[in-house]
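With the sequences and hints as input, model every part of the structure.
So the protein sequences, as listed, match chains E and P.
Going by our numbering, the residue at position 446 of the first sequence is 446; the numbering climbs one at a time, nothing skipped.
Going by our numbering, the residue at position 208 of the second sequence is 208; the numbering climbs one at a time, nothing skipped.
There could be a bad hint or two in this list.
[Claimed, not checked] Examples of chain P residues lying across from chain E (beta carbon under 7 Å, computed): (1) Glu59; (2) Gly63; (3) Leu96; (4) Thr97; (5) Gly114; (6) Leu117; (7) Gly210; (8) Ala250; (9) Ala300; (10) Gly301; (11) Phe315; (12) Ala320.
[Stated by the list, open to error] Sample of chain P residues with no beta-carbon within 10 Å of chain E, all distances over it, derived: (13) Asn152; (14) Met196; (15) Val221; (16) Ile242; (17) Val339.
Keep in mind the hints are simulated off the structure, nothing from the lab.
Just so you know, even glycine gets a beta-carbon here, dropped at the ideal spot from N, CA and C.
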Amino acid sequence: MKVNQGSLKKMTCGAIAAAALLAMSACSPGGSTGKDGSASDAAQGGSSLTMWTFKQSHVKPLQNAAEKFKEKTGVSVTVQAFTPDDAYVTKVQTSAQTGDLPDVMEVHSNGEDFTYGGSGLLTNLADKVDSSWSNSFLEAVRQDGVVNDAYYKQSLAEGSKTAGIQKGERWSVPFTIGTFGIVYANKAKLAAAGVTEAPKTWEAWMADLEKVKAASGTTGGVSIGFQSPTTGLEWAMQQMAFAQIGPDAYHGLFSNDASKNFASANGTKVLSTYAQIQPYWMPGTQSLTIDDADIAFAQGKAAYDIGGTFTLAFLAQNGMTMDDIITFPIPEPSDSVIKDRGLSPFGLTGLSLSASSKNQESALEWMKYLATEEVAAQFAKDAMDVPPVSLGDKPEDTVGPVLGAMIDVFGSDPKTDYNLGDTSYKPGAYDGTPVGNALMELTPLATADVAATGAKMAEIIDTFWSQS
Amino acid sequence: MSATTLTDRERAADSATRSRGSAAGQGHHGSHRDNEAHQGKRQRGAASQSGTRGQRRREAAWGYAFVAPAIVLFCVMGAYTLFFGLEVSFAQWNGLTPTWKWVGFKNYLDLLGGSPLYSPEVRQAALNTVIVMVVVPIATVCIAFPLAIILNQVKRLSGVFRSVYFIPYVTTGVAVYMAWKYVLEPDGAFNALLTMFGLGSLSQPQGWLGNPDTALGTLIVIMVWSAVPVAMLLYLTGLQSIDGAVLEAAKIDGAGWWRTNVSIIRPLLAGTTAIIVLLNVRDGLQGFQIFLLMTNGAPAGRTNVLGLEVYDLAFQKLLAPTLGLSSALGWLLFIAALVVAFINQKVTKER
Chain E
1 MKVNQGSLKK
11 MTCGAIAAAA
21 LLAMSACSPG
31 GSTGKDGSAS
41 DAAQGGSSLT
51 MWTFKQSHVK
61 PLQNAAEKFK
71 EKTGVSVTVQ
81 AFTPDDAYVT
91 KVQTSAQTGD
101 LPDVMEVHSN
111 GEDFTYGGSG
121 LLTNLADKVD
131 SSWSNSFLEA
141 VRQDGVVNDA
151 YYKQSLAEGS
161 KTAGIQKGER
171 WSVPFTIGTF
181 GIVYANKAKL
191 AAAGVTEAPK
201 TWEAWMADLE
211 KVKAASGTTG
221 GVSIGFQSPT
231 TGLEWAMQQM
241 AFAQIGPDAY
251 HGLFSNDASK
261 NFASANGTKV
271 LSTYAQIQPY
281 WMPGTQSLTI
291 DDADIAFAQG
301 KAAYDIGGTF
311 TLAFLAQNGM
321 TMDDIITFPI
331 PEPSDSVIKD
341 RGLSPFGLTG
351 LSLSASSKNQ
361 ESALEWMKYL
371 ATEEVAAQFA
381 KDAMDVPPVS
391 LGDKPEDTVG
401 PVLGAMIDVF
411 GSDPKTDYNL
421 GDTSYKPGAY
431 DGTPVGNALM
441 ELTPLATADV
451 AATGAKMAEI
461 IDTFWSQS
Chain P
1 MSATTLTDRE
11 RAADSATRSR
21 GSAAGQGHHG
31 SHRDNEAHQG
41 KRQRGAASQS
51 GTRGQRRREA
61 AWGYAFVAPA
71 IVLFCVMGAY
81 TLFFGLEVSF
91 AQWNGLTPTW
101 KWVGFKNYLD
111 LLGGSPLYSP
121 EVRQAALNTV
131 IVMVVVPIAT
141 VCIAFPLAII
151 LNQVKRLSGV
161 FRSVYFIPYV
171 TTGVAVYMAW
181 KYVLEPDGAF
191 NALLTMFGLG
201 SLSQPQGWLG
211 NPDTALGTLI
221 VIMVWSAVPV
231 AMLLYLTGLQ
241 SIDGAVLEAA
251 KIDGAGWWRT
261 NVSIIRPLLA
271 GTTAIIVLLN
281 VRDGLQGFQI
291 FLLMTNGAPA
301 GRTNVLGLEV
311 YDLAFQKLLA
321 PTLGLSSALG
331 WLLFIAALVV
341 AFINQKVTKE
351 R
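This is the structure in structure tokens:
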């Protein structure tokens, strides 16, 4: 009896162990795709493609483009959106493990594309994007998606997100460009306070904020999605600081030199100026997501909303018309080193080709098609986003006056125009979240003064340097 | 502990079987005829025993067959996940690369103070978690116990009252948390109510979840609000099982309402209290749904808890190679849960 039961037990345990082993081998990380992917073409994979995006506002414009692409080539493209951004990242992460990635993915340029590329999920496009293709992009963003020296060095840092990339590799081509640090203002609320035009200086903006708050009360403030702590840092403070103290001193804020970092005199100066906005935040903005902050602005709960060029489409989705809005870049203080600072456009999103795609030729053709001037301009108009191609001398004719005005502030001189995409002066292991959290203690939480905030920010950045 | 009990029981059963066998053997020393008769019986018994044995074997096989899917499922989805997670906790990995980098116990050490980048976050989250683990169970008991006593004594509309107080449990979930978010906004219903009743000075201009001083406390209140119904139900069940004679005797001895509840009912329901406390301690240790949905740790990490930190390290670090850290923190939480379970077992056994 015992022997038989033992046999049964052994058989059961054996079966279980075998099943577990099978499962483990099926799910092991070794099951991922190779770095360069397998070369396969449209003939192997048939004539249909799948493309993923993390922007709902891109779905319809992409579908419109896909219809025309099918007429031209016979290849159909299915567009799927997964939102918000972090859900999209998780979707890609899990699909990579199960081998279910689409042919083409929209990714954050010079970020996710490098992570996915370094992890072997994408096809290296370096020898596939020829000069005729890359020259179709604006010069300022032509190299976005390509691993340069700075990105390669960052990839070598301990704990880097982009480990595995090599210099010269191209993991995406530009798809949309733009910049952060664009302020959207509710025209009606401004008019009610007697403000009729965009401010030229930081001080003028503070004066406007005072007037608008007096006229509109709690609905006259500034909204921004502080649930992501980097927003205040990267969408407002940095643009202002770059102009106020100039590029070299600004880069020094992120160094590990105590005489230049956020705890220095320069740090005190920019933090003191930034803290002037404290009375004007929309009540409760410190706990809102980026989308919630935009929605609050669209609902009239705030007079100003800080975002980027990409915010416009979301505001339109939430019922705002272009006639309701005035836009302007984060203004520079009147004592700034740089006058008339511009904002450099950089690749916000790019298109990447999955290494596991069985339709590589067709996918490349689709990516190239989206980069043609006519298609890109139509996409920009439909999606209210900025394409990486030239829209001529009068971009407002194509994308309308509001987006056109934003494009007008674009500049690409590193001495006078702030480029958020340039991270070469930051430590390789840099992560904006803890730095942004420290800045939030100064404003909007008002739990720390300028000196304590500067010291904390410097301490965090020093930690990143020690890991780089 | 339970294994020891089982072994004792098995020993007792074996001993009983042996003594029954021995007694039967002594009875067989009677007459020869008796012996033959008994031999015949034994043969029939042996045949019958053999048949029973076969039947038992078949039953056992069927039993194993029925539980096999569940065991296989556990091995694939449970045991595999456990061991895979343990493996990952010793690695640096972003969940994408074909290989990972072994780092030994570094992830554990980083979390426990070795990394100036991660350990402050974990410390803050651990402190918040401890506050939740202490305050939520105590507040739940302090509200649910008297509520159950009162509801148990209500004669009219008792069903209606019980249903009303149970509603928070039935409706708890994503929708309720979102509703609470709106209620607690700067221009939400809660601030409006305070202003309406002349308590505007207590209202929160930044919202109850926006103020770093009130955010965690507000979430704790909502957790208690969600936990009270089940606790109340458990207490009501306990109250029903108290022998009326005990209460009658107390009454005859001159114990008043307060004395009866504090000195008789409370100790009699101590076991229930222990279960409620430990269930809520466990929820406080591992649960993070409310924190993810209502604040995601905001403002500036003031409502971050360990469960949310595990989730953040795994999925919210924008593909940084922190899956190992997440897994290591998960295992540290597992050890903490084991300690809680051990205390649970000790306390419930004592009760």
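Q: Return the status of the interface hint for Leu117(P): holds when the least beta-carbon distance to chain E is below 7 Å, violated otherwise.
A: Where the cut-off is 7 Å and the nearest Cβ of chain E is about 5 Å from Leu117(P), the hint holds.
**Q.** Evaluation of the interface hint that places Gly63(P) against chain E, nearest CB under 7 Å
**A.** Check failed: Cβ of Gly63(P) comes no nearer than 9 Å to chain E, outside 7 Å.
Q: So, Ala300(P) near chain E? Judge it on the closest CB pair being under 7 Å.
A: 4 Å, holds
Q) Is the nearest CB of chain E more than 10 Å from the CB of Val221(P)? A) 16 Å, holds
Q: Return the status of the interface hint for Leu96(P): holds when the least beta-carbon distance to chain E is below 7 Å, violated otherwise.
A: Nearest chain E Cβ about 4 Å off; hint holds.
Q: Report holds or violated for the interface hint on Thr97(P), using the least CB-CB distance to chain E and a cut-off of 7 Å.
A: Since the shortest Cβ distance to chain E is 4 Å, the answer is holds.
**Q.** Exclusion check [Met196(P) not at the chain E interface, CB over 10 Å]
**A.** 17 Å, holds
Q: Have a go at the Gly301(P) hint: is there a Cβ in chain E nearer than 7 Å to its own Cβ?
A: Interface hint status for Gly301(P): holds (6 Å vs cutoff 7 Å).
Q) Can we keep the Gly114(P) interface hint, with Cβ of chain E closer than 7 Å? A) 12 Å, violated
Q: Grab the minimum beta-carbon distance between Val339(P) and chain E and tell me whether it stays above 10 Å.
A: Label holds. Min Cβ-Cβ 28 Å, cutoff 10 Å.
Q) Does Ala250(P) pass the interface check with chain E, least Cβ-Cβ distance below 7 Å? A) 51 Å, violated
(Q) Hint Glu59(P) vs chain E: min CB-CB distance below 7 Å? (A) 11 Å, violated
Going down the numbered hints, you'll see the structure goes against 1, 2, 5, 8, while the others check out.
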